[in-house]
Each structure stands twice: as C-alpha cells, then as structure tokens.
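Listed in order, the protein sequences are those of chains A and B. Each residue of the first sequence is one higher than the last, beginning at 1 in the numbering used here. Each residue of the second sequence is one higher than the last, beginning at 1 in the numbering used here.
Warning: the hint list may mix true and false statements.
In silico DSS-like pairs for lysine-lysine, Cα to Cα no more than 30 Å straight-line [claimed, not checked]:
hint, chain 1, residue 1, chain 2, residue 2
1, A, K159, A, K13
2, A, K49, B, K74
3, A, K51, B, K97
4, B, K53, A, K159
5, B, K14, A, K35
6, B, K57, A, K49
7, B, K97, A, K151
8, A, K49, B, K14
9, A, K151, B, K14
10, A, K254, A, K23
11, A, K65, A, K76
12, A, K51, B, K74
13, B, K74, B, K130
14, A, K159, B, K14
15, B, K53, A, K49
16, B, K53, A, K51
17, A, K76, A, K159
18, A, K65, A, K159
19, A, K151, B, K130
20, A, K99, A, K35
21, A, K151, A, K76
22, A, K151, B, K74
23, A, K49, B, K130
Hint data in this document are derived by calculation from the structure and do not stem from the laboratory. Quick caveat: nothing in here was measured; it's all calculated off a predicted structure.
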Amino acid sequence: MAKGMRDIKREIKSKQNTKQITKAMEMVAASRLRKAQEAAQASRPYAEKLKEVVASIAAGTRDVKHPMLETRPVKKTGYLVITSDRGLAGGYNANILRKVTLTIREKHKSSDEYVLFVIGRKGRDYFRRRNMPIVEEVTGLPDAPSFADIKAVANAAVKNFSEGAYDELYIYYNEFVNAITQIPTAVRLLPLEEVGGNTAVTSYEYEPSPEGVLEVLLPKYAETLIYSAVLDGKASEFGARMTAMGSATKNATKIINQLTLTYNRARQAAITQEISEIVAGANAQS
Amino acid sequence: MSSFLVEIVTPERKVYAETANMVSVSGVEGELGILPNHIPLVTPLRIAPVVIKRGNKVDVIAVNGGFIEVRRDKIVILAESAELSTDINIERAEAAKQRAQQRLAAKQDQIDFRRAELALQRAMNRLHVKQK
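The shape of chain A in the complex, shown without the other chains:
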C-alpha cells in the first residue's frame, strides 16, 4: 500500500508543476492581450483617416480607373493567412487553417490555381507539409508588431495583385471579439470593395491629380488593412492562449483534488490496516 501512496504523491507533485506553468502562461497572455488590444486601438485612427480620404476621392471624382479597383475574371487566387508562431493557444491555429484548407479544396482543383502568403510559423509548417505553394512568409513576428515588420509581406501581396499574378486576394485571420471568442474570418481584400460610406464629401484639390493621389493611396490602404488584420490576429492569439491556459489550470486543479482524495483514502486504509494487524497480533498472544 505504501508504494501506491508514493506514486500518487509523485503524480500530485507533477500536476502541481504543470499547473504552475499553465497559470504563468495564462497571466503572461493576459497582460500581452491588453497590450495587443491597445495597439489595435492605436492603429485605428490611421486606417479610418485613410479610408475617409480614399472614399472621398472615389465619391468626388467620376469613374476613377485603377487596377486595384477593377474586378477581373478570376484565374488565380491569393490567400494571406495569419497564424501564430507558437502553439498552446487552443484552437487558434487549427480553426483558421481548417477554414483555409476547406475553401481551397472546394474552389480549386490543382495547386496552380492559388498561392499562399503566410504569417506565423504554425501556418507555414502546415502548408509546407502539404506542399502548397507559399510565395512569401513571415515568422518570428514580435508580440507588438510594428508596421515595418509586416510591410514586406503586405507589399508583396499588393504588388503581385497589381501585376496580375492573381486576380483576387483573400485574407484569413481570427477576428477578435473578446478574450474567449475569436472568429475565423475571411475577407476579400483585393480588388478593393467600393469604399463608399456616408462621409460628408469635402471637395478637395488633388496634387498632381485624383488618379495620381489614388495611385499612392490605394496600395497604402490595402497595406493598412493587412496591418490591422495582423494586429487583430495578435489580440486573438493572446485571447485564445489565455482561455486555453485558464482551462488547463482549472483541469489541473480538478485532477489534483481528485488525486489528493485518493491519496488520503489510501493513507487512511493503510492506517486502519496497521491497527487491525496490531490488534490481531495482540489477541493472538493472549
């Protein structure tokens, strides 16, 4: 009996260690989540302003022509997928990758019909294992990504579209709702939707010309949309990790309680047995 008790004790100890780790990870994720949310908030004025200006150009001038606004017959599709570098974040990566894979399997017959841009090690490894065509990848993104960190991939995604490498570009990321809910979302980024909106149109002068300004603004606008998706993805990642680690901690507590109960029972049984042995021994002697 004594040996069984030692085993249980060891198991309790090991569960306690695990619990400590998951608890720490939960707290780290919680503090990063706050920062990520703040970053997402801080990026909003820029995106909104840009949208406002683009919308007012689009509304103020008749038939603006720009390759990024034109819908072409779709021969090839680009997918930009945002995942995380590390796991232990619940269904964060699995959900988004499943969504992408399902769409691709449904829409395309061969791997010539699409290309992938991947952010995050998890996604890259996943697609690489399946031999899917990855054009550009970014890994090792810091927890608070700056615009410069994702500029290369955003730039490539936008440029390849204008050069006609593909005819539409979708962006897949986890939309952040709150710490326990993240929704895998697909957004068509290019060609840009009608950037309407009911902003009061100010009639601007454009230098050199409306088209010239649009030329500069639209790629920037698309890049900004990608950037805010990345920030949203980061916030989701930490939310997912926080929740996953929170429930891991809870499960560990439950297991520890159960084991402690079993341990105490075993201890009690051992004592009872010892007493009855002594009594039996004493009785035999007299």
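Let chain A serve as the given structure and place chain B on it in line with the hints.
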C-alpha cells in the same frame, strides 16, 4: 494670429497633435507652405522634414512616405513613420545612411537599388531633422 489643428498619424499611433499657425511640407509637386483657411487639398509627400510653426516655436518632424490632407481648420499628415527630433537615434540613422550608401555603390539589380535609395533618403531626412 489664426491657427489650426495639426495631426500626424502613423499606423502605430498618433505622433503629434498641436495647434499651429503654419505648416510647410514638400509634396511630390514641390514645396508647400500652408496657412489656416487653405483650400482643401490632398497630396502625397516626399521623404522630407515637415516644419510646423506655432507661436514662436518651430517643430521639425521627419516624415517618411505619406500624404497630407488639408482642410480649412485642420491638417492631417498620414505617414508610415514619423519621428520628432527627440525620438531620433543619431547613431542608427548614421549607420543606416552608410549601409545605404554601400549598397548604392555596389549597384545590384533595380529593386535593391531603389530600396537603398529610399533608405538613404530616410536616413538623410532623420539626420537633417536632428541637426535643426
């Protein structure tokens, strides 16, 4: 003296928001000095310092790759990056400048060349602002 609100916004944060009397920038078509009640205008900017006068103070800000939106009572500059002279690390800018110059001297393919050119412009811009 009449004044207006000047804001400089980057994707990461709002860098600057002050009430000012005059702004001078270099747009793609040339230098622009903007006073309050200017006609609404949008133009892309070159990589260059933006000079903002408020009262008897002058702020100089290194703005990289952006555009300016002018309204009668407000100016918004949207840029990929913008630094006040106190935020600029002179050694880093100096190092970036040399790196860019080396790359320009090496003269590889077109894209690299263009990128090095832009990097050099950014570095020069920062140094310029810092020295003012």
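Q. Looking at the structure, which of the earlier hints fail to hold?
A. 1, 3 and 4
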